[in-house]
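Please take these sequences and the hints and turn them into a complete structure.
In order, the protein sequence lines correspond to chains L and D.
First residue of the first sequence? That's 1494 in the numbering used here, and the numbers climb one at a time after it.
First residue of the second sequence? That's 0 in the numbering used here, and the numbers climb one at a time after it.
Check before you lean on any hint, since a few could be wrong.
[Said to hold, decoys possible] When the alpha-carbon atoms are kept at most 30 Å apart in a straight line, the in silico DSBU-like pairs for lysine-lysine are as follows:
(1) Lys170/D - Lys1564/L
(2) Lys112/D - Lys1707/L
(3) Lys1642/L - Lys1536/L
(4) Lys1673/L - Lys1707/L
Derived from the structure by calculation, the hints contain no laboratory data.
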Amino acid sequence: MMNSMIIGKYVPGTSIVHRMDPRSKLIMVFFYVFIVFLANNVKSYAILTAFTFSLILLSRIPLSFIIRGLKPIFWMILFTFLLHLLMTKEGELLYRLGWLEIHEQGVKQGIFISLRFLSLIIVTTLLTLTTTPIEVTDGVESLLSPLKKFNMPIHELALMMSISLRFIPTLMEETDKIMKAQTARGVDFSSGSFQERIKAIVSLLVPLFINSFKRAEELATAMEARGYQGGEGRTKFRLLTWKFADTALIVLLVLLAIILFILRS
Amino acid sequence: MSHQPRFRALDLTLIGMFVALMAIGANITSWAPFLVIGGVPITLQTFFCVLAGALLGRRLGTLAMTVYMLVGLIGAPVFAQFSGGFGMIVRPTFGFILSFILAAYVTGLVIEKSDGNPSIARFITATLIGMVINYVVGTNWMYFAFKFWAQAPEGFSYSLVWSWMLAPLPKDIILSVVAGMIAPRIYFSLQKTSSYTRRTA
Chain L
1494 MMNSMIIGKY VPGTSIVHRM DPRSKLIMVF FYVFIVFLAN NVKSYAILTA
1544 FTFSLILLSR IPLSFIIRGL KPIFWMILFT FLLHLLMTKE GELLYRLGWL
1594 EIHEQGVKQG IFISLRFLSL IIVTTLLTLT TTPIEVTDGV ESLLSPLKKF
1644 NMPIHELALM MSISLRFIPT LMEETDKIMK AQTARGVDFS SGSFQERIKA
1694 IVSLLVPLFI NSFKRAEELA TAMEARGYQG GEGRTKFRLL TWKFADTALI
1744 VLLVLLAIIL FILRS
Chain D
0 MSHQPRFRAL DLTLIGMFVA LMAIGANITS WAPFLVIGGV PITLQTFFCV
50 LAGALLGRRL GTLAMTVYML VGLIGAPVFA QFSGGFGMIV RPTFGFILSF
100 ILAAYVTGLV IEKSDGNPSI ARFITATLIG MVINYVVGTN WMYFAFKFWA
150 QAPEGFSYSL VWSWMLAPLP KDIILSVVAG MIAPRIYFSL QKTSSYTRRT
200 A
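Below you can see the structure in the form of structure tokens.
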């Protein structure tokens, strides 16, 4: 549980997708969200789905992990499918049960939109599964760094993200500790009337907030003691390197967009 | 361009901590299962979001909620039910996460208007406003998410979405009032023990 917090949902691996620069993966995911809308007929959807599945194969992530990632969205996909299936009244009538009518266009639309959703979710899940949150943070900072010219606090943003990633597990442990300490003092965290439950939650939240604010102060003092003065002139511990595979991915993405654009009707 | 940094180190660390607190607040029921009321797990997200506006001020509070959203998007499981990842953006419920940014700003403004001595009534007003922002932004996002990503057909109407969303409203109003009553406890105990208030001075 605590470990899964630090690494997010990252699945360690050495596949080509794992080793890619987080920047190229971020660029791909960003544009993919728009590219999926280009597909609108059988051929284009087939190519889109093939592209998505070849990415899964390349990442060598076991399919079970992908399916687990899809679980929370499963109901939404099903709902979308049914919505289209039952509410589209175009094309040949395939089946009728009382007031329920299933038309040919409805089946088609339902499958298309579900495939679009699946492709979107799978590709975004792949980013999360093959890249640690820290890597993504570095990638985001590097990609957005041109915005520094417009006085946007990009470095600070990335630093705040790193700090919170570092402290989420710590504060979770702290929550555990406070609960045990308060239970030892007689607070009942498992039952009680509405009023008692609220009292119990206050006895948890007040120390939790005070402790985390103290930690923030200590950390700030430690940073200043080590000479932290903002982003300018700072060097990096983790360096990003853009490799051939990254260029290849972007080229493939552009090709996919062009092909889909030609095939769409 | 000034040489004075816009953020002190303390601002950065406080925001980082608050994001971690939000991650706990979103999933509080996994520590305190007694907060599952009537089968629905309570999240403290809106409550913490109002506290972010109140404790950090509207500028840093807004930034804290933005960082929270980003940390979730890059894959840390900080949202409710320990979800996270870039795929969240196509979920119909992503609007709620977006709404925290606006809610932190507005509630921060409400609390700041009291010049450092907010009353319980003001906190209750703030939490209620936060909840209304949640609902308005969240429902509109859900409607557009279904319209846009799922290309929902005609029968899927705006009022249909609202009729789903309004079901938990009475529960949320009660919880907002309770949150508004608890918030000052945390607010004032922090003012006593922490030097963070120097920032707002």
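Hints violated by the structure (numbers, ascending):
Hint 3 contradicted; others consistent.
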